[in-house]
Amino acid sequence: MQITVKVNGVSHTHDVEPRMLLVHYLRDVLNLTGTHIGCDTSQCGACTILMNGKAVKSCTVFAVQADGAEITTIEGLARDGQLHPVQEGFWEMHGLQCGYCTPGMIMTAVDLLQRIPNPSEEQIRHYLEGNLCRCTGYQNIVRAVQYAAEKMRA
Amino acid sequence: MYPSAFEYYRPSSVSEVVQLLSQNPDAKLLAGGHSLVPAMKLRLSSPAALIDITRIPELSGIRDAGDRVVIGATTTYDEVMRSELVQRTLPILPEAIDVIGDLQVRNLGTIGGSLAHADPAADLPAVMLALGAELKAVGPSGERTIPADEFFVDLFTTALQPNEVLTEIAIPKPSGRTGMAYEKFANPASGYAVVGAAAVVTLGDDGRVSAARVAVTGAGPYAVRRTETEQALIGQEPTTEVIKQASQRASEGMTFNSDVFASEEYRAHLTRVFVGRAIAKAAQRARG
Numbered sequence: 001m002q003i004t005v006k007v008n009g010v011s012h013t014h015d016v017e018p019r020m021l022l023v024h025y026l027r028d029v030l031n032l033t034g035t036h037i038g039c040d041t042s043q044c045g046a047c048t049i050l051m052n053g054k055a056v057k058s059c060t061v062f063a064v065q066a067d068g069a070e071i072t073t074i075e076g077l078a079r080d081g082q083l084h085p086v087q088e089g090f091w092e093m094h095g096l097q098c099g100y101c102t103p104g105m106i107m108t109a110v111d112l113l114q115r116i117p118n119p120s121e122e123q124i125r126h127y128l129e130g131n132l133c134r135c136t137g138y139q140n141i142v143r144a145v146q147y148a149a150e151k152m153r154a
Numbered sequence: 001m002y003p004s005a006f007e008y009y010r011p012s013s014v015s016e017v018v019q020l021l022s023q024n025p026d027a028k029l030l031a032g033g034h035s036l037v038p039a040m041k042l043r044l045s046s047p048a049a050l051i052d053i054t055r056i057p058e059l060s061g062i063r064d065a066g067d068r069v070v071i072g073a074t075t076t077y078d079e080v081m082r083s084e085l086v087q088r089t090l091p092i093l094p095e096a097i098d099v100i101g102d103l104q105v106r107n108l109g110t111i112g113g114s115l116a117h118a119d120p121a122a123d124l125p126a127v128m129l130a131l132g133a134e135l136k137a138v139g140p141s142g143e144r145t146i147p148a149d150e151f152f153v154d155l156f157t158t159a160l161q162p163n164e165v166l167t168e169i170a171i172p173k174p175s176g177r178t179g180m181a182y183e184k185f186a187n188p189a190s191g192y193a194v195v196g197a198a199a200v201v202t203l204g205d206d207g208r209v210s211a212a213r214v215a216v217t218g219a220g221p222y223a224v225r226r227t228e229t230e231q232a233l234i235g236q237e238p239t240t241e242v243i244k245q246a247s248q249r250a251s252e253g254m255t256f257n258s259d260v261f262a263s264e265e266y267r268a269h270l271t272r273v274f275v276g277r278a279i280a281k282a283a284q285r286a287r288g
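Line by line, the protein sequences give chains G and W. Counting along the first sequence from 1, when you hit position 27 you're at 27 in UniProt numbering, and nothing is skipped either side. Counting along the second sequence from 1, when you hit position 78 you're at 78 in UniProt numbering, and nothing is skipped either side.
Everything labelled a hint here was simulated from the structure, so no lab data went into it. Fair warning: there could be bad hints in the mix.
Result set (SDA-like, lysine to any residue): computed pairs, CA atoms no more than 20 Å apart in a straight line [claimed, not checked]:
no., chain 1, residue 1, chain 2, residue 2
1, W, Lys-28, G, Asn-140
2, W, Lys-173, W, Arg-287
3, W, Lys-41, G, Glu-70
4, G, Lys-54, W, Gly-61
5, G, Lys-6, W, Arg-55
6, W, Lys-28, G, Met-20
7, G, Lys-54, W, Thr-54
8, W, Lys-173, W, Lys-281
9, W, Lys-28, W, Tyr-9
10, G, Lys-54, W, Arg-82
11, W, Lys-41, G, Gly-38
12, W, Lys-173, W, Gly-220
13, G, Lys-54, G, Asp-80
14, W, Lys-136, W, Thr-167
15, W, Lys-41, G, Arg-19
16, W, Lys-281, W, Thr-54
17, W, Lys-28, G, Glu-17
18, G, Lys-54, W, Asp-98
19, W, Lys-41, G, Gln-43
20, G, Lys-54, W, Lys-136
21, W, Lys-28, G, Glu-70
22, W, Lys-28, G, Met-1
Note that this is a predicted model, so its numbers are computed, not measured.
Isolated chain G, as found in the complex (with noise of 0.2 Å):
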C-alpha cells in the first residue's frame, strides 16, 4: 500500500507491507535509526516518536496507520544546530548513561512539555512512566525534563 508521511517537515512517499510497523519505516526505509527498538512488545518507550504532536511507540503502530500524519523524531528535533531545550537538559544534567532509551525520553518529555510547561517531580515521572531506562534510576532524568521546562519558560 502506498503511504506518504511528513517525517521531520520532509513528505516521504513509499510502498509498504501493512504489517510494517512503524519503526521500521523510520529505521529501514527511511535510515534514520536515532529511534531505538528496545522492548518491541510495547513497554519500554524507546522508540517513541511524535505522531502528529503526540508521543506514540512506534513499534506498536503500522506505517500504513501513519499515511497522512507528521511525524517528529529524535533527528527532527535540533534546529540550526542548537539542541532543543529537552536535548540540552539531558546533556547538561548527564540524563543517560547508555543512551539507549535516550530518544524515547526525550520525546516523551516534549509531549509532556507541551501540555504542562511547568510540571512537577510527582507529574514528570508520571508521565515518563511508558518510558524505561535501565542505568539512571532516573534522577537525572527527571532533572533533565526540569532544566528544558526552566529554560522554555524562560
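Could you slot chain W onto chain G? The hints should help.
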C-alpha cells in the same frame, strides 16, 4: 517482530465497516491497536484482515446530548480526559484514564477499543458499569443499544456480534449530590488493575444514599456490578461503619481470577478494600 501478513482496509463510514466485517469473517477492527498490535506481534492473534476504523469522523468525538454525554467509540483516552465537558460532568473518567497504561498508550488507545476488547484487567469496564452507560452497536440489521450491565459477558467476550461495530457510548449525566470515584490496585509492572473499583453515589437531602452503583474489574473474568453492596448502602447515611459493612459484601458470589500476581483469596480481599475506598471517596465528594 513482524506479525503475519494481513489485508488492510481503511473504510470511511460505519456502513462500509459493517460490509467489510460481513465479507471478512477473520477480520479484526483496528482502533488504537494497543492490545491488538502487541498480540499480533507475538502471533497470539493472526487476523486475515485489519479494518482501520480511526478515520471515520462519525465514530469520534464527544458531544453534550442534554442529560447525557455521548462519546464516539474511537475517541482516544487522551481526548476523553482532556474534554472540559467530561471533566465537569463525569470526573471519574479522567481519574480512571489517568492510571491507564502510560502517556503513549493514552495518546492512541480508544475508549471503545477498551470496552470491546473487554480485557479482564481493563479499567473502563468497571467505570461504565458504575456510570450506567449505554453502548450503541451497528450491524447488518441496523443499530441497537446495549446497557453496560449486559455488555460484558465473559473473559474478553462482550455482547457484540462478530459483524457488529461499537459506535458510541452514552453516559447519563449525574444529577443532584452525586460523587464518583475509581480506586485501583495496579500491577506494579504492567499498570493493569489487579483489582479496580468504581463507585457512583448519590445523596438525598437527608444525607442518606438515594442511589449507588458499584462495579469491580480485574478481580474476575469480566467486570461486574456489586448489587449486594449497593443495596447495603441505599437508605443509609454513608458513615465509615456503613461503608465497611457494605464493602464486606462486595466479594459475595463472585468468581475470582488467580495468577502469579494474586491468589483468589487476595483478590477477594482487595475487592472488599478497594470497593470500600471507592465508596468512601465517592460519598465524600457527594457531600461536597
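Structure-based check of all given hints:
Distance hint between Lys-28(W) and Asn-140(G) is unfulfilled; the C-alpha atoms sit about 42 Å from each other, more than 20 Å. With a C-alpha separation of about 17 Å, the suggested pair Lys-173(W) and Arg-287(W) falls inside the 20 Å cut-off, and the hint holds. Our distance criterion of 20 Å between C-alpha atoms is broken by Lys-41(W) and Glu-70(G), whose separation comes to about 24 Å. As the CA atoms of Lys-54(G) and Gly-61(W) are separated by approximately 17 Å, the hinted pair is consistent with the 20 Å bound.
At roughly 18 Å between alpha-carbon atoms, Lys-6(G) and Arg-55(W) fall within 20 Å of each other, so this suggested pair holds. Restraint check for Lys-28(W) and Met-20(G): the C-alpha separation of about 17 Å stays at or below 20 Å, so the hint holds. With a CA separation close to 16 Å, the supplied pair Lys-54(G) and Thr-54(W) stays within the 20 Å bound. Between Lys-173(W) and Lys-281(W), the direct Cα distance comes to roughly 19 Å. Compliance with the 20 Å bound is thereby established for this hinted pair.
For the hint pairing Lys-28(W) with Tyr-9(W), the CA-to-CA distance comes to about 10 Å; that is within 20 Å, so the pair holds. A hinted pair counts as satisfied when its Cα atoms are at most 20 Å apart, and Lys-54(G) with Arg-82(W) qualifies at roughly 14 Å. For the hint pairing Lys-41(W) with Gly-38(G), the CA-to-CA distance comes to about 14 Å; that is within 20 Å, so the pair holds. For the given pair, Lys-173(W) sits about 28 Å from Gly-220(W) by alpha-carbon distance, which is inconsistent with the 20 Å threshold.
The hinted pair formed by Lys-54(G) and Asp-80(G) fails the criterion: a straight-line CA distance of about 23 Å is larger than 20 Å. Restraint check for Lys-136(W) and Thr-167(W): satisfied, since their Cα atoms lie roughly 6 Å apart, inside the 20 Å limit. Restraint check for Lys-41(W) and Arg-19(G): satisfied, since their Cα atoms lie roughly 9 Å apart, inside the 20 Å limit. With a C-alpha separation of about 36 Å, the suggested pair Lys-281(W) and Thr-54(W) falls outside the 20 Å cut-off, and the hint is violated.
Taken as a hint, the Lys-28(W) and Glu-17(G) pair is honoured in the structure, with Cα atoms around 17 Å apart against an allowance of 20 Å. Simply put, Lys-54(G) and Asp-98(W) have alpha-carbon atoms about 16 Å apart, close enough for the 20 Å limit, and the pair holds. Proximity of Lys-41(W) to Gln-43(G) is assessed by CA-CA distance (about 13 Å); at most 20 Å being required, the pair is judged to hold. Distance restraint check for Lys-54(G) and Lys-136(W): the Cα-Cα separation of roughly 29 Å exceeds the 20 Å cut-off, and the hinted pair is therefore not satisfied.
Of the supplied pair hints, the one linking Lys-28(W) and Glu-70(G) is violated, its CA atoms being roughly 26 Å apart against a limit of 20 Å. For the suggested pair Lys-28(W) and Met-1(G), the alpha carbons sit about 18 Å apart, so the restraint of at most 20 Å is met.
When the structure is compared with the earlier hints, violations turn up for hints 1, 3, 12, 13, 16, 20 and 21 and for no others.
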